[in-house]
Amino acid sequence: MLNLLGDFIAELRAAGIPVSMTEHMDAARAMQAIDLGDRALVRAALATTLVKDGDHLPVFYTAFDVFFSLRSWSSAEELLNPTEDETSAPTGANAPGPRRGSGGASSTMSAEELAELLFRALRDGDANALRRGAGEAVTRYSGMEPGRPVGGTYYLYRTLRNLDLENLERRLSVGEVGELAERLARDEARARVEMLKAEIEREIRERLVEDRGSQALAKSVRKPLPEDVDVMHANREEMAQLERALRPLSRKLATRLARRRRRRRRGPVDLRHTVRRSLSTGGVPIDLRFKPPRPNKPEIIVIADISGSVASFARFTLHLVHAISSQFSKVRSFVFVDGIDEVTSLFEDADDPADAVARINAEADVIAFDGHSDYGRAFSVFHDRFAKDVTRRSTVLILGDARNNYHQAHPEVLADLHHRARAVFWLNPEPLGYWNSGDSIINQYAPYCDRVVECRTLRQLEAFVGELA
Amino acid sequence: MTSLDPRQELAQRLELDQVPPANFASPDDVRTRLAAQGYLSDEAIASVTFLADRLAKPVLVEGPAGTGKTALARAVADATGARLIRLQCYEGLDESKALYEWNYRKQLLRIQAGRGEATGEEWSHLEEDIFAEEFLLRRPLLEAISATDPVVLLIDEVDRVELETEALLLEVLSEYQVSIPELGTVRAHQIPMVFLTSNNTRELSEALKRRCLYLYVGYPDVARERDIIVERVPGISSALAEQIARVVRSLRTLDLKKAPSVAETLDWARTLVLLGREEIGDEDAAATLHILLKYQTDIDRATKELLGRGKTVA
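Sequence order for the protein chains is A and B.
Letter by letter, the first sequence follows residues 0 to 468 in numbering that gives the first Met the number 0.
Letter by letter, the second sequence follows residues 0 to 313 in numbering that gives the first Met the number 0.
Among the hints, a few may not be true.
Listed next, the in silico DSS-like pairs over lysine-lysine satisfying Cα-Cα at most 30 Å (straight line) [what the hints assert, rightly or not]:
#, chain 1, residue 1, chain 2, residue 2
1, B, Lys293, B, Lys257
2, A, Lys222, A, Lys196
3, A, Lys196, B, Lys257
4, A, Lys251, B, Lys257
5, B, Lys293, B, Lys256
6, B, Lys293, A, Lys251
7, A, Lys251, A, Lys290
8, A, Lys329, A, Lys251
9, A, Lys387, A, Lys296
10, B, Lys303, B, Lys256
11, A, Lys329, B, Lys105
12, B, Lys257, A, Lys222
13, B, Lys257, B, Lys303
14, A, Lys329, A, Lys387
15, A, Lys251, A, Lys222
16, A, Lys222, B, Lys293
17, A, Lys196, A, Lys218
18, B, Lys303, A, Lys196
19, B, Lys293, B, Lys303
20, B, Lys257, A, Lys290
21, A, Lys296, B, Lys256
22, B, Lys256, A, Lys251
23, B, Lys257, A, Lys329
24, A, Lys329, A, Lys296
25, B, Lys96, A, Lys251
26, A, Lys290, A, Lys329
27, A, Lys296, A, Lys251
Quick caveat, the hints were computed from the structure, so don't treat them as lab data.
All values reported here derive from a predicted model rather than from experimental measurement.
Chain A on its own, in the form it takes in the complex (with noise of 0.2 Å):
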């Protein structure tokens, strides 16, 4: 059972949430406390123990029903628990046999027949009906491979294009008449077809794990936390997942650093609160106040490549640094491809800079030539129009990957605009091993920043906006 135990916390931390030495003891104190032969208390109990984040629950489940698969569980709760009586669970030799045994009764279903027991499941919310349904369409569609060092999603895929779930949809909403009556129908028929999704994709997974064990498949299936992912290459799940984090993450920053600026120095004293204060002591100034500092804000010029490749990430840091803007004295944005234009006005006319992001795309005007990016000419362009309002005052962040399309690099106008600003920072979403190759050319602008950043993940972009500060 430690052993157990022991190998999905393993796990967990491969897949980056931190588990400590006390939580690990708690996890295994919360086991002997409970009725293991209850999946959902199991569950339950490793998750209050192991996990301390709400954003990492879905990577504890997806562990979870890896290691402690259905079908795996009443063989394990043998193993757990040696001496218990077993009449009520059946034991693990046969747990798997009925549920085969029904899927192989069945397997003589035509294509209409699973498809109307799917119907009916899904109308009738009837959960066993759905399981068999589930296994069944596996069976039927997925075309599994023993042995194949996969994760799953490729069968998953296969299944779901069998079963033509927008069928599915339209029929499980129809009958209803008015806007909202509508829309919530289909809103419920979409619930009850993700519920099937999730049933075929635990369905696919049980079957992997009894194919290559537990172990073996988790590394398949892991999936990065969602401040890990790299923003550059993220699929569009995890991009929406991004998108998700990125308001709370902005809001939590914004949040610390407007502590950290009221608490890190103190002003002059502040007599007259003192001498307030002091009225409770007998007239003794024992309580010294304190004014306000005058705070020291720095004026922050964005400069983004928003070409294909790195749009999303231009997206997020823009967003990120327009959330916490009450720290700067003032935010200037401009976004390039191959021409130059200030999107400062967006910003300030949307309440939320989402909606703003959002815009950039269709109002900026951007592409001057044949829209590839060319930094060596945005740059220019930008030393040209804007050079004079670069000032003492001023930190200049670069965003982009520096492929400039075998481009001029022009990096002499970098170097005036370092001469110009307090500090030039350039933000790279690429990994570092990919810098200077092909054509990207970081090293011919690296000598003219203060620092060149690799920034992938909302982690990296994070810690370095808290930064900049």
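Since the structure of chain A is provided, determine the placement of chain B on it from the hints.
Chain B only, in chain A's frame:
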């Protein structure tokens, strides 16, 4: 190796005469007893509450505003017949507001009353005297620790205090004791249940998280929200409650500034009952949406998405 039951172990450390009996028998017991107080829990909430009681550990409850984090502590207090002691956290909270404070004015009076006689030996008497329990102002944490009747301690919105102030809580959370330099250590006389809530406006320290069980309370699913509405809004039909819960779920999937909380859902349900509606029509929804949503941009977006208004007709 036989290890001690966590409650036993804590009781030994606190030097209690007997191990206080656990409050709950099983997660199902938690569920039924909380339901009797009008609090509908789900599986995670019930299991974590049960474990917190069994392992004698505090629970850190996190989640969006208005999902019943504070209500959970209140319901547990009611269900176990305990007194609820609440510490509302805010920026600038310090130990004199959270733990204890010497009653300075009273001490001063005591000294002034004895002035003239206080010389040499008498002074040491006086000193002992003015640092006695009589001159101690108990703040919520000390109050909870020194209580002899059963209590539930609620530390509300713990994310509002500064990182440094969190450290004040650590001794109470892990040892169930408070050290007062002049008096010595005050140990708990029983094992109180402790709940901390956080709206997640900042990252809490690792030290605090390690000492707590973690519970994430998100928005309830449709079935549970329907049950909550039926439970809390008298005279509502189950069908209307279901419809309300579905509308709210659809709203929460939209990208809104502030998604409707359970509290706002209940307000909306009450309004619809007052209006005598049995079913939500498009008109009712449009007219009462401002109860659920607090930003004009959110209301516009919801009207457009859910009711199909504001679309430009080609």
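Structure-based check of all given hints:
With a CA separation close to 7 Å, the supplied pair B:Lys293 and B:Lys257 stays within the 30 Å bound. For a cut-off of 30 Å, the pair hint linking A:Lys222 to A:Lys196 stands: about 18 Å separates their Cα positions. At roughly 29 Å between alpha-carbon atoms, A:Lys196 and B:Lys257 fall within 30 Å of each other, so this suggested pair holds. Using a Cα cut-off of 30 Å, the hinted pair A:Lys251 and B:Lys257 holds, with the two alpha carbons roughly 16 Å apart.
For the suggested pair B:Lys293 and B:Lys256, the alpha carbons sit about 9 Å apart, so the restraint of at most 30 Å is met. Proposed proximity of B:Lys293 and A:Lys251 is supported: the alpha carbons are some 22 Å apart, at most 30 Å. Simply put, A:Lys251 and A:Lys290 have alpha-carbon atoms about 26 Å apart, close enough for the 30 Å limit, and the pair holds. Pair hint A:Lys329 plus A:Lys251 holds up; C-alpha atoms about 20 Å apart against a cutoff of 30 Å.
Using a Cα cut-off of 30 Å, the hinted pair A:Lys387 and A:Lys296 holds, with the two alpha carbons roughly 20 Å apart. Proposed proximity of B:Lys303 and B:Lys256 is supported: the alpha carbons are some 15 Å apart, at most 30 Å. A hinted pair counts as satisfied when its Cα atoms are at most 30 Å apart, and A:Lys329 with B:Lys105 does not qualify at roughly 52 Å. At most 30 Å may separate the alpha-carbon atoms for a hinted pair to count; B:Lys257 and A:Lys222 meet this at roughly 29 Å.
Between the alpha carbons of B:Lys257 and B:Lys303 the distance comes to roughly 17 Å, so the proposed pair stays at or under 30 Å and holds. The straight-line distance between the Cα atoms of A:Lys329 and A:Lys387 is roughly 16 Å, inside the 30 Å bound, and the hint therefore holds. Distance restraint check for A:Lys251 and A:Lys222: the Cα-Cα separation of roughly 24 Å lies within the 30 Å cut-off, and the hinted pair is therefore satisfied. A hinted pair counts as satisfied when its Cα atoms are at most 30 Å apart, and A:Lys222 with B:Lys293 does not qualify at roughly 36 Å.
With a CA separation close to 22 Å, the supplied pair A:Lys196 and A:Lys218 stays within the 30 Å bound. Only pairs whose Cα atoms come within 30 Å are accepted, and B:Lys303 paired with A:Lys196 is accepted, the gap being roughly 29 Å. For the proposed pair B:Lys293 and B:Lys303, the alpha carbon gap of about 16 Å is at most 30 Å, so the pair holds. At most 30 Å may separate the alpha-carbon atoms for a hinted pair to count; B:Lys257 and A:Lys290 exceed this at roughly 35 Å.
Of the pairs offered as hints, the one joining A:Lys296 and B:Lys256 holds, with about 28 Å between alpha carbons and a cut-off of 30 Å not exceeded. Straight-line distance between C-alpha atoms of B:Lys256 and A:Lys251 comes to about 16 Å, which keeps the hinted pair within the 30 Å bound. Taken as a hint, the B:Lys257 and A:Lys329 pair is honoured in the structure, with Cα atoms around 27 Å apart against an allowance of 30 Å. Taken as a hint, the A:Lys329 and A:Lys296 pair is honoured in the structure, with Cα atoms around 8 Å apart against an allowance of 30 Å.
For the proposed pair B:Lys96 and A:Lys251, the alpha carbon gap of about 25 Å is at most 30 Å, so the pair holds. A hinted pair counts as satisfied when its Cα atoms are at most 30 Å apart, and A:Lys290 with A:Lys329 qualifies at roughly 24 Å. Between A:Lys296 and A:Lys251, the direct Cα distance comes to roughly 19 Å. Compliance with the 30 Å bound is thereby established for this hinted pair.
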